[in-house]
Amino acid sequence: MEPPGLNHWLVVSAMLFCIGAAGVVLRRNLLVVLMSLEIMLNAANLALVAFSRYGNGLDGQIFVFFVITVAAAEVAVGLAILVALYRLCGTVRVSDIATLKL
Amino acid sequence: MIHPSVLRLELAVVGLMLAVLLGDAFARKASRRYWGAAVAAALLALAGYAAAGAGILPNASARVFTAEGGFLVDAFALWVKVFALVATAVCVLLTSRTPGEDAPGFAEQVVLQLGVGLGMMVLGSARDLISFYVSLELMAIGLYLLVAWRKEDPLSLEAGVKYLVYGAMASAILLYGMALVYGAAGSLEFGIIRQAAATRSDSIVLLAGFALLLAGLGFKVSAVPFHWWTPDAYEGAPVPSMAALSLLSKPAGFIILARLLFDVFWPLHAMWQGPVAWAGAATLLWGGLGGLSQTNLKRLLAYSGISHSGFMLLALASPTRSGVAAMLYYLLAYLLSAGLVFTAMCGAAGPGARYDLRDLSGLGRKSPWLAGALLLGLFGLGGIPPLAGFFGKLLVIRCVVSESGWGFAAAAVGGAVGSLYYYLVVVKAALSPEENGAPPIAPVGRSLRALTAALAFGLLLVGAWPASVWGALRNAAEALCQ
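Top line first, the protein sequences correspond to chains A and B. Numbered as in this note's numbering, the first sequence ends at 104 without a single skipped number. Numbered as in this note's numbering, the second sequence ends at 537 without a single skipped number.
No lab work stands behind these hints, which were simulated from the structure alone. No incorrect hints appear here.
The following label-pair restraints were derived from C-beta to C-beta distances: (1) A:Val85 x B:Glu489: 38 to 44 Å; (2) A:Thr71 x B:Ile259: 27 to 33 Å; (3) B:Arg409 x A:Arg30: 26 to 32 Å; (4) B:Arg83 x A:Ala75: 28 to 34 Å; (5) A:Asp98 x B:Val456: 47 to 53 Å; (6) B:Lys421 x A:Phe67: 52 to 58 Å; (7) A:Val96 x B:Leu77: 38 to 44 Å; (8) A:Val85 x B:Leu77: 24 to 30 Å; (9) A:Val13 x B:Leu475: 49 to 55 Å; (10) B:Asp411 x A:Cys91: 19 to 25 Å; (11) A:Val96 x B:Arg413: 30 to 36 Å; (12) B:Gly469 x A:Ala78: 42 to 48 Å.
Counterexamples of contact, computed for chain A against chain B with all Cβ distances above 12 Å: (13) Met3; (14) Glu4; (15) Pro5; (16) Pro6; (17) His10.
All residues carry an ideal CB built from backbone N, CA and C; glycine is no exception.
Could you put the whole structure together from the sequences, leaning on the hints where they help?
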């Protein structure tokens, strides 16, 4: 069996990205939506590391560290807002927080 | 190697953030009266220093790099810093009115606004994908919190959640685009990406990455078809946060869009010109028509913001230096007029107000000063001569006629007329006699008076005498398009 190459990693990363995007659009629970957002970011991370590993130098992997840090901050803020929302409204379901019309 | 002296403006803002935090921990309550004004004065002093070159640039066409080429200071970046400092000062002054300097969390709110402003300052200088991404997220994460700030108000939290989910999704799309561009170009640096765009313009990975970058930034500037979050986020957010959204976040989107289109992806300009023009026309019409049926001032201003985004996209769709200069002039006019409107809104109601149009009734009688500011701001947004908004629209339409054709110019005029109609609806509401149930107005404080006077003066000056800023804008545009 041949070892996985750049294209294999890119296909996995694209699939992860689509799974994450579908989760953000389709799932009704905001906690799961936040997790799906993380999957999307990690799909990009995987692509960065793959490109970096197959010939583009180490820059991409350094970028990934920045992304991980930023994603942690983003999730901290997201969870803080969700906790405040849950305390006030008693729900974190998308369908229950639709006072503002789209 | 990082040269701190090149980062002196950013470091000064970081120092200001630390000073506010420490001051909040140690200062007595009585000494907080003028905090907002003091922070704003410091920001404006920095803006003046930046406008004078900040001792970094020897002349207008110089380029100074630091952080391994990831951070660039040129005339364009300096102009962005001036803009960001002034806009942050406006937001801080608005915060010192609502919720007020003695409200809990005032210092934190100011620190977050300074962080958002700092993000825009770094973004103007971004020269590789890391500084681009980190500065954009510095702005976005602060804004998620600012939008959701009133945590006792379900609307504010709902707006915060929506902005967070859509914003984070846009960031993820943008990041995936960056990963693809990195893979195709082999480097994170804008200079090398530009070379790759010139030599490998048929690379499907590069083009896909570029398209994803544009989609992510389309969200930040609320361009059709990525605009739907805007009215919700604006309606739920407190007014100072709404000001930060439209005076900092949106201009930042346009700044980095200009950097990408006119510098990094300039070799592909034949490819992006058409889509940007179409997105601009659609955004303009959507904003102009969508606002017509609104009865809430905040939602109406969101649609107004969408329509202005359309104008600026159309300016960017003309691939010339005049297009960039017109966009920069339009941004300045937008800052001054929208700043006036937000100031009047902050003065006209307390922290929890919903700003339905009928709540404005009797404003002209209760506070002529605020009504005048609202009127002038709305006329500036609508483009009534001799205010700056008029020249902004004129410059953009001139570029559109020569580069994109008469059809797009007709769309621009149509959108402008639609939005002018709904501005006049607001003016009518503000000047109508008072209805029962309209909220009383607290006296207009000194800092708010100074802010309105300064913004109104700027709006008239830049409008009646465009040459006062045109040279600087032209230099910035030329530094960008090299």
